[in-house]
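Chain residues, written in single-letter form:
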Amino acid sequence: MTNPFSERILLTLGIFFAVLGSLFPFLWFVLTSLKSQIQVEAIPPTWWPDGSVEFYCSALIDHDLFNYIWNSLIVASATTVIALVIATPAAYALARIRLQGKVWVFGGLLCVAMFPQIVIAGPVWQILERIGGLNTHWGLVLPYVTLTLPLAVWILATFFQELPLELEEAAQIDGCTAWQALYKVMLPLAAPGLFTAAILTFIYAWNEFFFALLILTDPVKQTLPVGIALFQGEFTMPWGEIAAASVIATLPLIVLVLLFQRGIISGLSAGAVKG
Amino acid sequence: MAGFALQGIEKTFGHTKVLQDISLEASDGEFVVLLGPSGCGKSTLLRIIAGLEAQTSGTVNIGDQVVDTLSPRDRDIAMVFQQYALYPHLTVRENLAFGLKMRKESPNVIEERIGEAAELLEIQNLLDRKPKELSGGQRQRVAIGRAIVRKPKLFLFDEPLSNLDARLRTSMRVELKKLHKRLGVTMVYVTHDQVEAMTLGEKIVVMDQGSIQQIGTPDQTYHQPSNPFVAGFIGNPPMNLIEGSLQTNLKNLEFRAGDFTLRLNAQVEVTPTPGSGSAILGIRPEDVGLDPPGAIHIALSCTIDVIENLGGDHVVYLLTQGQRLVARTTPNTIEKAGDSVTIYLPINKLHLFIHDSRVSLDIVN
Numbered sequence: 001m002t003n004p005f006s007e008r009i010l011l012t013l014g015i016f017f018a019v020l021g022s023l024f025p026f027l028w029f030v031l032t033s034l035k036s037q038i039q040v041e042a043i044p045p046t047w048w049p050d051g052s053v054e055f056y057c058s059a060l061i062d063h064d065l066f067n068y069i070w071n072s073l074i075v076a077s078a079t080t081v082i083a084l085v086i087a088t089p090a091a092y093a094l095a096r097i098r099l100q101g102k103v104w105v106f107g108g109l110l111c112v113a114m115f116p117q118i119v120i121a122g123p124v125w126q127i128l129e130r131i132g133g134l135n136t137h138w139g140l141v142l143p144y145v146t147l148t149l150p151l152a153v154w155i156l157a158t159f160f161q162e163l164p165l166e167l168e169e170a171a172q173i174d175g176c177t178a179w180q181a182l183y184k185v186m187l188p189l190a191a192p193g194l195f196t197a198a199i200l201t202f203i204y205a206w207n208e209f210f211f212a213l214l215i216l217t218d219p220v221k222q223t224l225p226v227g228i229a230l231f232q233g234e235f236t237m238p239w240g241e242i243a244a245a246s247v248i249a250t251l252p253l254i255v256l257v258l259l260f261q262r263g264i265i266s267g268l269s270a271g272a273v274k275g
Numbered sequence: 276m277a278g279f280a281l282q283g284i285e286k287t288f289g290h291t292k293v294l295q296d297i298s299l300e301a302s303d304g305e306f307v308v309l310l311g312p313s314g315c316g317k318s319t320l321l322r323i324i325a326g327l328e329a330q331t332s333g334t335v336n337i338g339d340q341v342v343d344t345l346s347p348r349d350r351d352i353a354m355v356f357q358q359y360a361l362y363p364h365l366t367v368r369e370n371l372a373f374g375l376k377m378r379k380e381s382p383n384v385i386e387e388r389i390g391e392a393a394e395l396l397e398i399q400n401l402l403d404r405k406p407k408e409l410s411g412g413q414r415q416r417v418a419i420g421r422a423i424v425r426k427p428k429l430f431l432f433d434e435p436l437s438n439l440d441a442r443l444r445t446s447m448r449v450e451l452k453k454l455h456k457r458l459g460v461t462m463v464y465v466t467h468d469q470v471e472a473m474t475l476g477e478k479i480v481v482m483d484q485g486s487i488q489q490i491g492t493p494d495q496t497y498h499q500p501s502n503p504f505v506a507g508f509i510g511n512p513p514m515n516l517i518e519g520s521l522q523t524n525l526k527n528l529e530f531r532a533g534d535f536t537l538r539l540n541a542q543v544e545v546t547p548t549p550g551s552g553s554a555i556l557g558i559r560p561e562d563v564g565l566d567p568p569g570a571i572h573i574a575l576s577c578t579i580d581v582i583e584n585l586g587g588d589h590v591v592y593l594l595t596q597g598q599r600l601v602a603r604t605t606p607n608t609i610e611k612a613g614d615s616v617t618i619y620l621p622i623n624k625l626h627l628f629i630h631d632s633r634v635s636l637d638i639v640n
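As given, the protein sequences belong to chains U and W, one line each in that order.
Under my numbering, the residue at position 75 of the first sequence is numbered 75, and the numbers go up by one with no gaps.
Under my numbering, the residue at position 153 of the second sequence is numbered 428, and the numbers go up by one with no gaps.
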C-alpha cells in the first residue's frame, strides 16, 4: 500500500531537484554577475557574492550592451511580426481548405523545421551576399523568418483546426468576408496559439547565435548572443561581464513568458460549442 | 421576407452524388421542414441555400432573385446551427449585435433590435454574460436571437434542437412554432426527427439518399405516403410493411408474402390496375384493431409475441402466418403474450405500393 504522504514528499523532492538542476547554470551566472573581480577569480570559488554591481556597469557601458540589446530587440521583433503575419493566413488556409496530401504539407513543414542550420548556412550566406543582405538586420531577419515559419504555421494550424467551422460560417452569414471572419472571430479565439507561436519565434530569434555570427560582422549591428560571445578578448576572459550580460539578456524572455502565460493557458474557446 | 425556389439542384463530392435533381418551392412565410435520415443530404441542401456550399448544378432563388453567385453575407439569410456557434469571446449582447454591426446599422437600431429580441426570447437578464456561462437551452435562445435581430428574408435551422434534452426540446419546439407564427417569415428547418417535422412543418420535404421522396403537408406524408420509404420513416412505431407479390385471380386480388395471404375482394378497386408482380403492403400500427371496426375489413388470426406498455397505450407485437405485425392499442386490452387473437385490418387504411410508388385502394359499393 502506498502512503500518500511519503508519495507527496518524494514528488516534491523530485520536482525540487529537477528544477534546481535545470536552473543551476543560470543561478550560478546570476551569482557570478553579482561578485567582485577578486571573488570571480578566487580558488576555491566562493558561493555567495558580495552584491557588487561593477560587472553590470562595465557590461552596459564598456561593452556597449545597450547597442546589442537594441539590435536584438529589432531583429527578434521584426522576425516575430513578419513570421506571424505570414504564418497566420498560411495556417488558416492549411487548416481549412480541403486539400489532398495535406499530411505531406504538414510533414514537409516539420522536416524543414528540423534541418540542421549548417546545411543551409552556405547558400544563405551566398544569397545574402548577392542581394546585399550581409551585415544588415533585414539580412538576418530573412533567414530567421524562414526558419521559424514552419513551427509557427504548425502551431497556428493546430489551433485553427480545433476551432469549430460553424463559427466561421456563422460569421460569414452574419455578414463577414472570409478575411473579416478570420480577424474578427477566428483570431481572437486563436489568441493562445498566436501567443505561443509569437513567444517561441521571439525566443528563437533572441537566442540565435550561429546565423547572427555568420551574417553580422560589424559590432554596431551585432545581436546579444554574438556580442556577449565576443566580450572575450585575445588574452582576457571577462567572466563577470559575460555573466552580467547574460542575466540582462535573459530577463526580457522571463518577463515575456510571465506576462503572457495567462494568454497561453487556453480555455478561451469553451462555450463555443456544446462542452 | 420572401419565399424561395430550388430548381434541379445537384451536388457531387468527388465521385459521390449527394444530391440529385432537387426542385422545391416555398411561398412567403411558409415553414418548410427537410426531413430524412442522417446522410440523406438535407443539411447539404440547407447549406446550398445558405451559400456555404456551392451546388454542382441547378439554381437557388430567394425571393425573386437568383442568388447562385452571391456569398452567404449577401443572401440576406440567417442560420441557427446545431452546435449554436455563438462567438465565445463576445457577450450575449455583442453576439446579437455582431451581424447588425457588420451591416453598419446605427447604434440606436442595434439597441432597439436587441431589446426586442431579448424580450421575445426572454433573455434580457443574460445579455452581459458570455456563452460559456449559459445552459444549452439559453445558448439556443441566443442563437435564435442572433438570427431574429437581423430581420432576414429567410431563416435556416440546422437541427437546432438535437443537442437539447428531451424535455427542453419539446418546449423549444412549441416556442419555435409560436415564433414562426409571430414573425411570419419563411423558415427552412432541417431535422431527422419526424415528431419535430410533423409538429413544426407546414410543408414537409422527405429526403433519402440525396433525392426528394415526397413533398406534402404533415397529413399528406402521414396518411398518403408516396412510397415505402416515406411510409416507414414517418410514424412511430413505424408502419407495418410487408414485401410480397400481387396476383390477380379473376376479379379478386390476392396479396401474398410466403404463407401470408390477404384476399382483397371485388369490392376493392386498385388504380392504376396492377398486373401480377411484386408489391409492398402497409398498415399503420394504430390502424391494426383488436376489435372489429365499422369499416370493411379483413380479419386475421395471430399470436401475441410481446406487449410493450407505454402507459398511454400498448404496442403489441403479433405473429401471423410467418409475418410480424405491430399494433398500437388502447391499454385496456386484456390479452397477454402468447394469447391467440383476431386482428382486423380496415381496407381503407391499407397502403399498397407497386414499383416503389403508391397506388390507391378504393372501395366500390
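Some hints could be false.
To be verified - Distance windows between CB atoms, simulated:
hint	chain 1	residue 1	chain 2	residue 2	range
1	U	L165	W	V341	25 to 35 Å
2	W	K611	U	L165	47 to 57 Å
3	W	V384	U	R98	53 to 63 Å
4	U	V112	W	D343	57 to 67 Å
Stated by the list, open to error - One-sided and incomplete, this derived list gives chain W residues near chain U with beta-carbon spacing under 8 Å:
hint	residue
5	M354
6	Q358
7	G374
8	V449
To be verified - Some chain W residues well away from chain U (every beta-carbon gap over 12 Å; in silico):
hint	residue
9	E300
10	P363
11	M377
12	E391
13	K478
14	S520
15	V590
Don't read these hints as lab results, they were simulated from the structure.
Remember, predicted model here, so these are calculated numbers, not experimental data.
Heads up, the beta-carbon is just placed ideally off N, CA and C, and yes, glycines get one too.
Verification of the hints:
Judged by the Cβ atoms, the range 25 to 35 Å given for U/L165 and W/V341 holds: they are separated by roughly 27 Å. The given range of 47 to 57 Å is respected by W/K611 and U/L165, whose C-beta atoms sit roughly 54 Å from each other. Taken as a hint, the range 53 to 63 Å is violated for the pair W/V384 and U/R98, whose Cβ atoms sit roughly 39 Å apart. Checked against the given bound of 57 to 67 Å, the beta carbons of U/V112 and W/D343, roughly 41 Å apart, lie outside it.
Among the interface hints, the one on W/M354 holds; its C-beta lies about 5 Å from the nearest C-beta in chain U, closer than the 8 Å criterion. This hint holds: W/Q358 has a C-beta 4 Å from the nearest C-beta of chain U, less than the 8 Å allowed. Interface restraint check for W/G374: the shortest CB-CB distance to chain U comes to about 4 Å, inside 8 Å, so the restraint holds. With a least beta-carbon distance of about 22 Å to chain U, the hint placing W/V449 at the interface is violated under the 8 Å criterion.
Every CB of chain U lies more than 12 Å from the CB of W/E300, the least distance being 23 Å, so the non-interface label holds. The Cβ of W/P363 does not lie farther than 12 Å from every Cβ of chain U; its closest approach is about 4 Å, which violates its non-interface assignment. With a least CB separation of 3 Å from chain U, W/M377 falls inside the 12 Å interface cut-off, contrary to its annotation. Separation of W/E391 from chain U is adequate, the least Cβ-Cβ distance of about 18 Å exceeding the 12 Å criterion.
Against the 12 Å criterion, W/K478 stays outside the reach of chain U, whose nearest CB is about 23 Å from its own CB. For W/S520, the condition that its CB be more than 12 Å from all CB atoms of chain U holds, with the nearest at approximately 47 Å. The claim that W/V590 lies off the interface holds: its Cβ sits roughly 32 Å from the closest Cβ of chain U, which is beyond the 12 Å cut-off.
The structure shown violates the earlier hints numbered 3, 4, 8, 10 and 11.
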